[in-house]
Amino acid sequence: MRMTFVVNGRSRTLDAPPLARLLDILRGPLGLTGTKEGCGEGECGSCTVLLDGVPVNACLVVAGQCDGRTVLTVEGLASRDALSDLQEAFVKEGGAQCGICTPGILMAAHALLATNPQPGEGEIRESIAGNICRCTGYQRIVESIRHAAKEQAARESG
Amino acid sequence: MNPAEIALYPFERPGTLAELCRTLSARAGRKERTVLLAGGTDWIVERRLAPPEDPNDLPLVVDVSRLPEMRGITVAREIATIGAAATFLEIKSHPVLSRRAPVLTAMAREVGAVQIQARGTLGGNLASASPAADGAAALMALDADVVLASIHGERRVPLTQFFTGYRATRRAEDEVIVRVEFTLPRTGAHQVWRKVGTRAAQAISKVALAAVAEVARGRGVRSGFGMASVAPVTVSLPSVRALGLAPSLASVSDEELDAATRRDIAPIDDLRSTAAYRAYVASALVKGFFRELRMAAGS
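For the record, the sequence lines run as chains A and B. Residues 1 to 158 in this note's numbering are what the first sequence spells out, letter by letter. Residues 1001 to 1299 in this note's numbering are what the second sequence spells out, letter by letter.
So here's chain B without its partners, still in its complex pose:
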C-alpha cells in the first residue's frame, strides 16, 4: 500500500482510557475492527508491505500514544510498573531500571537506533506479538504481568501465558494493554541481554536471549528466561528455567542445557537466518549464561 492509501484510514485520539475502552467495547460489539496505534514502528511498515484494503471497510486507527494512563514508569515497593505507551527511550533512560533491571535497559538500547527507541513501546511490542520482539523476551525473563483494561475493569495475565500462537495473544478485541508490572530482581541478580543480528542499530534479531537469575548458597532462587526468534512465539524456555532453579547449579551440565534448549525452541529457516544456526546460537547463549551462574555458585 502506498502512503496516500494509508492516509485514508479513519483516525481517533481519545483523551482518556475510559473513552478508549468505551470505543473498543462498542466497536467490538459491532464486529468492527480497531487498530491501536502507539509508535507505529511495526504497523506503518507492515501497511506499506500489505496489499490495499477495501476503502469501504477500513479499520479505525486509535492513537494511544499519549493516553496519560498508559504513560510513565514508576517503581514502588520493589514493583516496577511501565506504561504500555512508555517508549524504549524512556525505559532506557530510567535510572532505577538501569540499576535494578539492566536486562530491560540493554534491550531498550539495542531494540533499534534512537529514532526507533523514541517511538517503539512495550505495549506495541506485546500486542504485535512478533516472535522477534525484543521487548517481549526481556519482559518474559523478568516474569512480567500484562495488565489489560476494558469497560469491565482490569485483568492481569502472566506474560509467559500471554502469547497463544504466531502473532496471537490473549488480548480480547475490546481490551487494551495498559501497563506491565514485574518484581524487581534483587540487587546483584544476574541479568543478561544478548542480541544476535546483522546490524547493531536497526537489525531484527536472528536470536535474542534475556535471562534473569538469582543465586543463593549455590542454588538458583529466581530463574527467568525469554528468547526471541526461535519459535512462532517468544518463548520462556521452561526446561532451561527449571535448570536455573537447580539445588546445585554447579552440577548442571552443558549436555543438560543443550537438551533443555532443544526442547524449548522450534526455530525455522527464514530470510534472516537458518534453523540450524538459530539452534546453535540459542544453545551457546544459554550455556554462556549458566557459566556465569556456575561461577557465582562457586563451582
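The shape of chain A in the complex, shown without the other chains:
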C-alpha cells in the first residue's frame, strides 16, 4: 500500500504492507532508529512517538492507519544545532542512564509540556506512567521534566 505521512515535519511517501508496525517503518525504511522496541506489546512505552501530537506506542500502530497523519519521533525534538529544552534538562539532571527508555519518555514528556506547560509532580508522573525505566527509579526523570518546564517558562517570560 502506498502511504504518505509527515514525519518530523517532512512529508514521506512509501510503499509498505498496511499492517506493518509504525515502529518497523520508522526504524527500517525511514532509518529513524531513535525509537526503541522494548516489549513489543504496548506495556513498556519505549517506542512512544506522537501521532497527530498524541503519544502512542509505535509497536501497536499499523502503518496503514498513519496515512495522511503526522508523526513526531525523538529525532524531531532537537533543532539542527541544539537539543530541545527537555533534552537539555535530561542531560543536566541525569534523566537518562542506560538510555533505552529515554526516547519514549522524552516523547511522552514533550506531549505533556505541549498541552500543560506547568505540570505538577502528579501530572508529570501520570504522563510517564506508560513508560517503564529500570535504571533511574524515575526521580531524576521527574526532576528533568520539571526543570524543562521551568526553563521553558523562564524563556517565554524573559
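Source of the hints: derived by calculation from the structure; they are not laboratory data. Computed from a prediction, not measured in an experiment: that's the story for all the values here. Don't take each hint at face value.
To be verified - Example chain A residues on the side facing chain B (calculated, C-beta under 10 Å, incomplete):
| hint | residue |
| --- | --- |
| 1 | G40 |
| 2 | G45 |
| 3 | N57 |
| 4 | G64 |
| 5 | G68 |
| 6 | N131 |
| 7 | I132 |
Virtual Cβ for every residue (Gly too), placed ideally from N, Cα, C.
Position chain B relative to chain A; hints supplied.
Frame of chain A; chain B shown alone:
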C-alpha cells in the same frame, strides 16, 4: 506470530459507514472473515501471541478508526452518545462527561496509560468482549445501549444483554458497533470506579467495579453496576442492582450484599489473581459503595 507475518494481512480503509456495511454484508454472505480494527491495543497484541494463520486464508482487516459516523461524543437532551471509535483519551477529556458521568472519565483515565488511552476505544472494548474490559464495566453501570449498524439499518441492544459468553456478543458478522448511548445520571448521583490491579498505569484488572446510583428520600431510584474480571463476561450484578433499588437503603445489610455479590459472580484462578481473592475484593468493593449510599440515605 511475528510482525512480518502480521504485516501480510489484507487491509482496507472504507471512507464511509455505508461502504463498510456493504463490505461486511458481502463478506459475511461469502462466509469470509473480517476483522474490524480500531486502536489495535487488543488485536495486535493477541496476533503476536497467536500461532501463524494460513497465509491463503487470512481475514480482511478493515480500519474503522477514522470513520466519521463512529467518531465524536455528543450530549443532547440528557443522552450521551459516544462514537464506537472515540478514544479513551477523548472520553477522558470531555467536560460534560467528567461532570455528569465521572465513572466513565475515571475508567478512561485508568484503562491504561496515555499511549493506550490514545488508541483504545469503547467499540473495541465491547467487540473484543474480554471479561476484563474496563470500558464494558463502566458502560454497564450506566445502562448503556449498544447501537449496531448493517446494510439493513441500525438496531439497539442493551449492554446488559450484549455479551453471550466468553468473548462472544450479539453482534452479527455483518454488523459493526457504531456508538453507545446512555441517559446521563442526575447531577449528584453516586458514581464510583474502583480498579484493583498490579500497576496503576497499564495493568489489566484483577477486579474492577463501576457503580452508578441515585438516592431520593432514602430509597434507591437508579442502580447500575458493572464488574470486570469476575466471570466469563462482564457482569451487571443483577442481585446487587436489586438491593440498590431497596425502598430503604439504610436497611440493606452487609450479609445481604455479600450473598448477592456471591450469586452474581463466578470468579476463577488465572495468571492475574485467584478466585478467592477476587470474591473477597468484589464483596468489599460492593459493600464500600453501599456504605456511601447508606450515608446518603441518612442512616
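Hints and how they fare:
1. G40: Holds, because the Cβ-Cβ distance from G40/A to chain B comes to roughly 7 Å (cut-off 10 Å).
2. G45: With a closest approach of 6 Å, the G45/A hint holds.
3. N57: holds (5 Å)
4. G64: holds (5 Å)
5. G68: Constraint on G68/A satisfied, holds at 9 Å.
6. N131: holds (8 Å)
7. I132: The hint holds - I132/A has a Cβ within 10 Å of chain B, the shortest such distance being about 9 Å.
The structure fails none of the hints (numbered hints given earlier).
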